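Build out the structure end to end from the sequences listed, making use of the hints.
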Amino acid sequence: MSTTVDPRVTDYLNRLRERASVLPPDEFEDVWQSVHEHLDEAAERGEPIEQALARLGSPEAIVAAAAGQPSAQPTRPVQPQRPLRGVDVAALVLLQVGAVVFGLGWIAGVLLLWVSDRWKWWEKLLGTLVVPGGLSGLVMLSGLFSWASAGCSSDAVTVAETSCTATGSASTVIGPIVVGLLAAGAIAVTVYLARAARPGRSGQPASGPDPVERGA
Amino acid sequence: VLGLLRTRQRYAFDLVRELSDRGLVASEGTIYPLLSRLRRDDLVTTTWQESSSGPMRRYYGLTEAGRVRLDAFIGQWCTFRDAVDAILLTEGTHP
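Here the protein sequences line up with chains A and B, keeping their order. Those letters in the first sequence? Residues 54 to 269, by the numbering used here. Those letters in the second sequence? Residues 190 to 284, by the numbering used here.
Don't read these hints as lab results, they were simulated from the structure. Quick caveat: nothing in here was measured; it's all calculated off a predicted structure. One should not assume that every hint holds.
Stated by the list, open to error - Some chain B residues well away from chain A (every beta-carbon gap over 12 Å; in silico):
# : residue
1 : E253
2 : A272
3 : I276
As the list claims (entries may be wrong) - A short, non-exhaustive set of chain B residues, derived as facing chain A with CB atoms under 8 Å:
# : residue
4 : F202
5 : T219
6 : Y221
Glycine included, every Cβ here is placed at the ideal spot set by N, Cα and C.
Listed below in structure tokens is the structure:
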């Protein structure tokens with residue numbers, strides 16, 4: 054170690070010590086010691102102090118580089134965020150129940166889904182196609198089924214008993230199963246979209262992670 | 190960094206200077222956190238060696254795991270480089 058230490062070096066190392074205190078202790082010690090040795094070596098080689106410090110970069114940049122790397126021993130686990138905003142929740146709700154408003158609510162839900170930055174394109178496609186009209190659409194569809202089968206069985210008594218009993222029983226059995234499967238699919242997709250929503254560019258700074266986690 | 194350590198151990202200061210002189214980093218100080226992480230991940234080792242003048246010097250060298258990682262990277266890098274070259278050369282001949 055050099056015996057005469059330039060005050061600018063002392064000042065730099067103090068600032069680094071201060072900024073780097075957010076790092077895990079062993080990493081802090083390692084980095085601080087390395088930079089210290091680096092400056093000693095630069096002084097030993099007769100390099101101007103300003104030049105050596107300028108080449109090193111600011112203590113803040115060094116700490117940011119340390120914090121931005123995934124550490125082998127993270128100080129705390131990075132929790133996945135649940136970055137759903139009101140407008141995203143509205144999209145998911147409208148997709149499922151919006152169809153009661155002459156189908157317009159569902160279309161609004163699709164629009165909100167596609168303009169949101171919370172989902173990937175294929176997730177949006179999934180939300181749109183499973184299922185068009187959403188749960189409320191399915192409820193209306195099943196209403197249609199029961200109306201059709203009810204109409205058929207009343208016909209069956211008077212007109213074409215044998216043939217219509219066959220179609221009637223088929224629709225009363227298969228109809229609810231299909232509707233049930235579609236409803237389960239719609240619910241599963243909604244739950245998936247709610248969980249898969251990731252922080253978008255607009256949502257990052259407001260409730261973003263602290264500097265240590267950012268970029269990790 | 191691993192590439193520079195491929196054939197021999199290097200003194201920390203010289204390693205950082207070489208990366209900087211080759212234009213691979215904007216500020217030299219940011220390499221030290223990287224070296225620290227590589228050491229904790231057991232990809233490089235540090236050894237202390239006497240210098241002719243002054244204090245002990247910290248030298249970095251590849252571990253076996255570091256060598257394996259470097260070889261894997263070299264393979265990926267060559268594939269990537271060839272693919273980009275092919276695209277640029279093809280596109281270049283058909284403006």
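**Study point:** Given as non-interface: B/A272, partner chain A, CB spacing beyond 12 Å
**Key:** Its Cβ never comes within 12 Å of chain A, the nearest being 24 Å, so this holds.
Exercise for review: Under 8 Å, Cβ to Cβ, is where B/Y221 needs to be relative to chain A, so tell me if that hint holds or is violated.
Suggested key: 4 Å, holds
**Study point:** When the least beta-carbon distance from B/T219 to chain A is tested against 8 Å, hint result
**Key:** 4 Å, holds
Point to revise | Exclusion check [B/E253 not at the chain A interface, CB over 12 Å] | key: 17 Å, holds
Exercise for review: Classify the hint on B/F202 as holds or violated, based on whether any CB of chain A lies nearer than 8 Å to its CB.
Suggested key: B/F202 check passes; min Cβ-Cβ to chain A is 4 Å, inside 8 Å.
Practice item. Check the non-interface label on B/I276: least C-beta distance to chain A beyond 12 Å or not. Key: Nearest chain A Cβ is 24 Å from B/I276, so the label holds.
Hint compliance for this structure: every hint is met.
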